[in-house]
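Q: One-letter residues, chain by chain:
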Amino acid sequence: MELEIINHDIESMVFGDTTGLSGKELTINHDELKTHLLEDRRIQDIDIQIAVPGESCRIGVVFDIVEPRAKQTGSGSDFPGLLGPFAVAGQGSTHVLRGSAVTVIDPSAFPGITSKMLEMQGEPAAASPYGDLCHLVLSPKLLDNSRRDAVQNALRMLSVKASVYLANVSQGVESDDIDIYNLDQSDTDSRAGIPRIAYIAQIHGHQMTVEVDEPILYGSNTEGMMPMILNPNEILDGALVASYWVMRVETYFYQNHPLIKELLRRHQSKEITFAGVIVTVAASKETDRNRNCMLAANMAKSTLKADGVVLTKYGGGAPHVDMGETARLCEAMGMPTVVQVSDSSGDRKAESAMLFNYPEVDAVIYGGGGDTGWDVGPPERVIAGTPEVAKVLKNLTYIEGGALCGVTNQQGASKIRATVY
Amino acid sequence: MRVVHYLNQFFGGVGGEEFASTGISSQEGAIGPGRLLQKLLGEESEVVTTVICGDNYAAENLDEITEYVVNAVKAAKADLFVAGPCFEAGRYGVAAGAVCAAVSAQLNIPVVTGMAEENPGVDLFRQEIYIIDSGANVGAMSEVLGSMAVILNKLNNDEEMGSPEEEGYIPQGIVRDAILEENAATRILNMIIAKTKGEDYKSELTQTAFEPVPAPPAVKDLTNATIAVVTDGGLVPKGNPDNMPPIAAEIWGSYDIASLDDLEEGDYEVQHRGYDNRHVLNDPDRLVPVDILRELEKAGKIGKVYKEFLSTSGLANPIANSRRLGQEMAKKLKDAGVDAVILTST
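For the record, the sequence lines run as chains D and F.
First residue of the first sequence: 1, per the working numbering; consecutive thereafter.
First residue of the second sequence: 1001, per the working numbering; consecutive thereafter.
Treat each hint with caution, since some may be false.
As the list claims (entries may be wrong) - Covered by chain F, per the in silico footprint, the following chain D stretches (three or more residues, Cβ under 8 Å):
# : region
1 : 174-182
2 : 253-261
3 : 354-360
4 : 367-377
5 : 415-421
To be verified - Pulled a few chain F residues facing chain D out of the computed Cβ check, cut under 8 Å:
#  : residue
6  : D1177
7  : L1189
8  : Y1201
9  : S1203
10 : Y1275
11 : R1294
12 : E1297
13 : A1316
Since the hints were made in silico from the structure, they are not lab data.
The beta-carbon is built from N, C-alpha and C at its ideal position, and this holds for glycine as well.
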């Protein structure tokens, strides 16, 4: 399965008469886009703004960030099962407006412990993978008395529709460069003695309720989902989007998944053979937990024939436990593991850092963020879902690392490590 | 700088194990390892008093020797306090840790000691004081004293303390952030390649070892037992009368169920943000099973259901806080004559 990613670099984003790409400048016809997005009758009105790197601008509460992408005409389906018709993602050609993002504001969310913001200048911007992107920020107003699940579904559809709308301008335009993703395992002879590494990735945590119409994987809400094998290309190419309740993950992250890219890179350099990705969900019930952990570990062993397994988690504490149990089972089957945990120590004491205690799960990447943050002043511009949120954002004097999108990602992207002193 | 140094009978030159019951005393000036310590601390420092105590005497009279040492440090008008290093000597390590912790807490001056990681003094005092990792080999004395002197001078000059690896002390268990060049994905791959190949790798976090909690003996006669329910699932009466926070609660509540046969939907709410609580809101008995307990009580299978249930929010709750909450709850129930507890978690 080969995926061609056609990159078009974006260095400037402006409103203008015609939506189109000219060199590295993306021009957007504001009214045309607005009309397109207002086809969704659940949306009463929508505020569309542009925020660029270095601007004194604060944005929140972010529902999701999506990289503008569109399948090359005739070469596949955009966000299959969610926006486009069913087709296997991860093959054919995909146009990417690299350096830009569609950022959707959640008008029904209030800044809180998992609040999600963007800061476009200074140290906070430099610390976030989203600080140097040109953002098209969509701040919709939903119909009065909309149910929360209807609001969220509208936000989700908005994010992918806008992403495809923008990226379609690059159809037929000459690209800056092209990346090929192809997990070719056919050269088995030259791979003798190279460890086969599988990746067990949690894509949701059922500690939080999923909605009936909540699209996550090929449009499925993952309820009742058991572990399954995906080609890594599928994750990079629109099969997977962030769930409504998220901690530290955005759809943009999946589209550029640093751990999957690193696995593919090390496969290419023959340091490992990338055996494949097993996606799973963290459970809310003991039976589901035991079933999922067992099946995921066995799939790595029996189907992917892995020699070693890397594991990452979703969400908070319950998924942490599931990942630990899956790693324990992998170790028991003779597959060494590395897990990435996020620091759970509210009191900054190492004894509170971990939620499992298995001596054999002894290779831990320890993500931090608990005492990273920045003093900030009032920005010139705030883009928020409501006046109340705008006021809170404007008056912030300190931004915690965990409150900024992307800074404390727990699936391979973050550079903040917690260290025990 | 005026320094007081604590030694056991062996390093203090009194004698070996046969002198371990020797009581506590002080002498002017540096003795044994103290002489080298003085040199390493630099010209401005002087060991003015050495306190010496037998290991057995210290182990049996820990409070007394702690008080003695604090007074000796006070009397000497000391600026700095050092104990050991103790290497693997367990009684020595516990005493050195105790006197260092007491001097630090009561007199607020820099203190340091040294021990092997296996020394029982380490787990008792590592969170409170700096303990240089001495290893087991007494032959490393001068190197260990050197690291101790560096730490002491840094503390004295209010300099920023480096990592345990840089400074040679045993980790105190305090979590701090560091921003690295490599992202987690790169580190994950480096580590899995090393681990699968059987090469050395260093975990970024060493798991804390916890003492196993032994299962208590079975209740002998349930028909006469009083049973209580305790939950960390955050169930509280509607309106949340105690203002239970939904994350890392520092309080617990006890709520009257004496006249209830059943917890009704709508009478309760959940203060806990970490789980899908729909089932609990639909029927609170599924977290605090009053309905079934009442049936068992009426059928005479259990003696009595305790008049209240106890509740807290277990979400993201640090260990030290959870331990305190548990101890407080256990004391209340024990004092109330409860024989057994059903714990429900989420």
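Q: Hint by hint, note whether the structure agrees.
A: Here's how the hints hold up against the structure:
Only residues whose C-beta sits within less than 8 Å of a C-beta in chain F count toward coverage, and the region 174-182 of chain D has 0 of them, not enough to reach three; the restraint is violated. Look at the region 253-261 of chain D against chain F: 3 of its residues bring a Cβ nearer than 8 Å to a Cβ of that chain, three or more, so the hint holds. Residues of the region 354-360 of chain D with a Cβ under 8 Å from some Cβ of chain F number 4, which satisfies the need for three, so the listed coverage holds. As drawn, the region 367-377 of chain D meets chain F at 6 residues by the rule of a beta-carbon pair under 8 Å; at three or more, the given contact holds.
With 7 residues bearing a CB less than 8 Å from a CB of chain F, the region 415-421 of chain D meets the requirement of three and the coverage assertion stands. Below 8 Å, beta-carbon pairs count as interface contacts, and D1177/F has one with chain D at about 4 Å; its hint therefore holds. At a threshold of 8 Å, the smallest CB-CB gap from L1189/F to chain D is about 5 Å, leaving the interface hint in force. Here the hint on Y1201/F is kept, as its CB sits about 6 Å from the closest CB of chain D, short of 8 Å.
Among the interface hints, the one on S1203/F holds; its C-beta lies about 5 Å from the nearest C-beta in chain D, closer than the 8 Å criterion. For Y1275/F, the interface hint holds, since its Cβ comes within 8 Å of a Cβ in chain D; the closest pair sits about 5 Å apart. For R1294/F, the interface hint is violated, since its Cβ never comes within 8 Å of a Cβ in chain D; the closest pair sits about 25 Å apart. A hinted interface residue such as E1297/F counts as satisfied when its beta carbon comes closer than 8 Å to some beta carbon of chain D; here the least separation is about 27 Å, so the hint is violated.
For A1316/F, the shortest C-beta to C-beta distance to chain D is roughly 5 Å, which falls under 8 Å, so the interface hint holds.
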